[in-house]
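2 protein chains.
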Amino acid sequence: MKKADLILTDISYILTMDENLTEYKNADIVIKDGKIIDIGENKKNEYFGKTITGKNKIAIPGLINTHTHAAMTLLRGYGSDNPLKVWLEEYIWPAEGKLVSYEFVKDGTDTAIYEMLRNGITTFVDMYFYEDAVAQSVKESGIRAVLCTGILDFPTPGAKTPDEGLQKTEEFIKQFEKDENVFPAVGPHAPYTCSPQTLKKAFELAEKYDTLYHIHVSETQFEVNDIKERYGNTPVKHLKQLGVLNERVLAAHMVHPTEEEIDIIAENKVKIAHCPESNLKLASGVAPIPKMIEKGIVVGIGTDGTASNDDLDIIGEISTAAKLHKGYNLDPTVLNARQALKMATIEGAKAIRKEDKLGSLETGKNADIVLIDINDPHLQPLFDPYTQIVYSSNGKDVDTVIISGELKVLNKKVLVFDKEHLIEKANYWKNKVLEK
Amino acid sequence: MKKADLILTDISYILTMDENLTEYKNADIVIKDGKIIDIGENKKNEYFGKTITGKNKIAIPGLINTHTHAAMTLLRGYGSDNPLKVWLEEYIWPAEGKLVSYEFVKDGTDTAIYEMLRNGITTFVDMYFYEDAVAQSVKESGIRAVLCTGILDFPTPGAKTPDEGLQKTEEFIKQFEKDENVFPAVGPHAPYTCSPQTLKKAFELAEKYDTLYHIHVSETQFEVNDIKERYGNTPVKHLKQLGVLNERVLAAHMVHPTEEEIDIIAENKVKIAHCPESNLKLASGVAPIPKMIEKGIVVGIGTDGTASNDDLDIIGEISTAAKLHKGYNLDPTVLNARQALKMATIEGAKAIRKEDKLGSLETGKNADIVLIDINDPHLQPLFDPYTQIVYSSNGKDVDTVIISGELKVLNKKVLVFDKEHLIEKANYWKNKVLEK
Chain A
0 MKKADLILTD ISYILTMDEN LTEYKNADIV IKDGKIIDIG ENKKNEYFGK
50 TITGKNKIAI PGLINTHTHA AMTLLRGYGS DNPLKVWLEE YIWPAEGKLV
100 SYEFVKDGTD TAIYEMLRNG ITTFVDMYFY EDAVAQSVKE SGIRAVLCTG
150 ILDFPTPGAK TPDEGLQKTE EFIKQFEKDE NVFPAVGPHA PYTCSPQTLK
200 KAFELAEKYD TLYHIHVSET QFEVNDIKER YGNTPVKHLK QLGVLNERVL
250 AAHMVHPTEE EIDIIAENKV KIAHCPESNL KLASGVAPIP KMIEKGIVVG
300 IGTDGTASND DLDIIGEIST AAKLHKGYNL DPTVLNARQA LKMATIEGAK
350 AIRKEDKLGS LETGKNADIV LIDINDPHLQ PLFDPYTQIV YSSNGKDVDT
400 VIISGELKVL NKKVLVFDKE HLIEKANYWK NKVLEK
Chain B
0 MKKADLILTD ISYILTMDEN LTEYKNADIV IKDGKIIDIG ENKKNEYFGK
50 TITGKNKIAI PGLINTHTHA AMTLLRGYGS DNPLKVWLEE YIWPAEGKLV
100 SYEFVKDGTD TAIYEMLRNG ITTFVDMYFY EDAVAQSVKE SGIRAVLCTG
150 ILDFPTPGAK TPDEGLQKTE EFIKQFEKDE NVFPAVGPHA PYTCSPQTLK
200 KAFELAEKYD TLYHIHVSET QFEVNDIKER YGNTPVKHLK QLGVLNERVL
250 AAHMVHPTEE EIDIIAENKV KIAHCPESNL KLASGVAPIP KMIEKGIVVG
300 IGTDGTASND DLDIIGEIST AAKLHKGYNL DPTVLNARQA LKMATIEGAK
350 AIRKEDKLGS LETGKNADIV LIDINDPHLQ PLFDPYTQIV YSSNGKDVDT
400 VIISGELKVL NKKVLVFDKE HLIEKANYWK NKVLEK
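Chains A and B, in that order, are what the protein sequence lines are. Each residue of the first sequence is one higher than the one before, starting from 0 at the first, in numbering that gives the first Met the number 0. Each residue of the second sequence is one higher than the one before, starting from 0 at the first, in numbering that gives the first Met the number 0.
With the rest of the complex left out, here is chain A (with noise of 0.2 Å):
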C-alpha cells in the first residue's frame, strides 16, 4: 500500500481526453502531490489516504475557458439587447470609464472565479485592466488562468499609452514567471485598436518571455472592413504581414476569416478561442470552425465576458457549439460531442500551450478533475457519457472540482470564497453603475 493525497474511487466513467480518448469504467484516480499519480481500474486498493466516492459520477478533465474578461461579470447584463453602438457607447464604456479600478476587477472577478469554479472551469484566460487584482483573485482561489493586460492605443484604466502597458505587462511577466496558477501573457487588444507598432512590440515581448500572444482577430465584419480600408488587407493577412503570427497566438472570435486566411492560420499554428454565444448574441455571426478543424487548427472554447453571453459556463458553450455549427452547416454529424468535450478540455490546453500539464486525465499531469452527477433522471437513460454531458448537462451538474489535488467544489457547494459577501459586493457596484 502506497500513500497518496487523494483517491477518487469507483468512478462510473473516467473521460481521460488523452489521445486515444482512452476510458475506463468503475475506476479510480490517485493523487498526490497535486498531480495524478495512478488512473484505472482496481488502483484504489494499491493506495491508502482520504477517498471520495465517485459512484454516479464522470470524471472529466478541468474545463478549459480560453476567453473571457472576468471583472465584467460586473456589468453582466447591462444594457442588454440594444444595437452594438449603444450598448457600447451609453452602457458599457461609461460604466467602465467611472469604474474600472483594482477594486472593481477585484470583486468582479471574484464573482466570476465563484461562476466559474461552481460550472466546473479550472483554467482561464483573461484579458482586461488591473490585471494584478486578477491575479490576486486566482491565488486566493486556487483556480489558474492566463492574464494579460488589454494594451490599445488610447488610453486605457491601467495605462495612458500602449508603452506603458507594455511596460506594466513585462513587468507582471517577471513577477510571475514561474507560477503555477497565474500564467502571464501579452494582451494586444485587437488589429482595429492597436497600431502595426504596437502589435509588433507586443510580439517581441511575448517571444522574449515565451508567453501567449492574446489577441481579438475578425470578431465583426466591421473589424474586417476597417481593416481593409486602413491596411488594404484583411486582418489575418494584416497579421501574417506585420510578422506577428505563430504558435504563441491565440486568437478570440474569428468569425469572418477567408479561406486563404484559414490556410494561413492553420500553416503558422496560430491557435482560436472560439466564443459562440457571444458572437451570437452581439450578432457577430458563425465562425467557421469545423472548417478550421478539418484543416488541424486548434480550436478551444471561450465564454467570452458575461456582459455578452451572460454567463461562464463552458458545458453550455460546447453544447451551442455542437448544435450550432450542425445547423448552420446542414450536417449532423459535424462537431459531434467528443470534438466538442476536446474543445473544453485538451484542445484548450493546446491552445494556451499547457497541453503537457493540463487538459486530459493522465499520470504526470496536474490532478484538475472535475466530477459530473448523473444520477438524476435528466441525465438517464446514459448511452453515451459524452453525448450526455455535451447534450444534456450543462455546468450545474458538476459535483466536484479539483485544482492540484485541491478540493474547489464538492457536493455542487463552491468552497471558496463566501456567496453572499459576493452577492452584497455585485449590489455595491450595480448601485455605483447606475448612479448618476
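Worth double-checking, as some hints may not be accurate.
Pairs involving identical chains hold if they fit within one copy or between any two copies, as the list cannot separate such chains.
[What the hints assert, rightly or not] 20 Å max Cα-Cα, derived EDC-like pairs, lysine to aspartate or glutamate:
#1 K177 with D262
#2 K31 with E45
#3 K418 with D375
#4 K268 with E40
#5 K49 with E405
#6 K353 with E18
#7 K167 with D225
#8 K54 with E423
#9 K167 with D355
#10 K54 with E419
#11 K236 with D209
#12 K1 with D37
#13 K97 with E22
#14 K239 with E206
#15 K97 with E434
#16 K411 with D372
#17 K429 with D375
#18 K431 with D383
#19 K84 with D225
#20 K395 with D375
To be clear, the hints were calculated from the coordinates, so they are not data collected in a lab.
Once you have looked at the hints, place chain B on chain A.
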C-alpha cells in the same frame, strides 16, 4: 383578513407577462381554489393562510413547452451525432418498433415530467403513442398537457391504420373533454406521413370537438422537396389547399416557409411551435422566427423530444433562440429578452388556445407559478430580470413550481415521483434497447 390557500410573499420581482408586461417589486401573490385571486404590493396583509417567501426570487408564469415527445426521454442521446438516416433507421425506429408499449410510454413520460417540473415547465404539448399512458402520468403528477396520438398512414405502435388512430383519438377526446389537466387534441403527424384524406379527416375531428390540430410542418428541406414532388406545392400551401389551416392549427418547427407561406400562416392564424435546439442538432436549419413574429404570428417555444435535443429545459431553449436569431440575422436587437420570455409563457398559452387561463400572472387565472432563485453570484448583479432569466439562468435556477396552487417543486426538489425509482426504470429500458 380574508382566507387564502397559499400566499407567496415579498417576491423580489413579479414578471406578470400580461398584455402590458406589468411588473411588481417586493410584492405578493395570493392563491385560492387553484386560482390567483390577488397580486401586487402589500397584498399579504389582507389575507391569512399558508405562506411561502419569495425573497430573492423572480416570479414568472409556469413555462409552456409547445412541442415534445415525452416518452422518447428513454432514448435520450441514443445514436446521437449520426447522419439523420442512420440515426432514424438504425437507432430510433428499431428501438421504438421493439419497445413502444403502454409501459414504455408511462415510464418515459414519468421521467420527462420529472425533468420538466424541475425546469419550471407546467404545461406541455405531447405527440406520441399510447397517450392514455401519458394522460396517466399527467394526472399522477398534476402537470398540464395537450395530448395527441400521432396519426400516420402506416402502422404505428398504437394503431394499424390512420382510421384506427382517429377513432382512438375520438375516444380519448371524449374521455378527457372536461379535464383541467389533460387537454386532448388531434395529431396528424406531418404532411409527408399523412395522405390528404387523413389530414382532412383529422381536421374534421378537431373541428367537431373544438380541439387543437397539432402537426409537424416544414421541418426539413427534404420534406419541402418531397411535398413539392408529390403534390406540386410547398407544405403550407398544400395544407391551405386541403382546407386544413385555421386558428386551431399548432404547427411544429416551420423551418422552411416561403414568404408567401408566412403570409398564409398569418392570415389563417396558424400557431407555431419553434424548436431551435432540435432544428440545429438535427441540422434542419434555422426557422425565420423574427419575420413570423413581425407578421403577428403567435410563436411558442418547444424542446422537441430528448432523443433530438437532448434536454427539456425551456429556459435554455429561449436562451438559444434569443441568441441564435441575433447571430443568424446579424442584428443584436432581434428577439429581445422580453420577447423570448413571452414565447415561453403568454405566447405559448395562445399557441395552445388557453390564454384565458394560462400564460400570465393575473387575477382569475390558474395559479401556475414559477419562482426563480436569484440569490447566487451567477445571477448577480441583476440589472434587468428578463435579461437575467433569458441569458444568465437555466432550468436549474428554478426553485419553486406551483400548479393550480399546489407545490410541485420546492427548494429545487421535485415533489412528485421518486427520483431513484425513475433512474432504475430508465436503466431497465436502456438494457432493453441494447438487448440483441
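Run the structure past the numbered hints and jot down the numbers of the failing ones, going up. 1, 4, 7, 9, 11, 13
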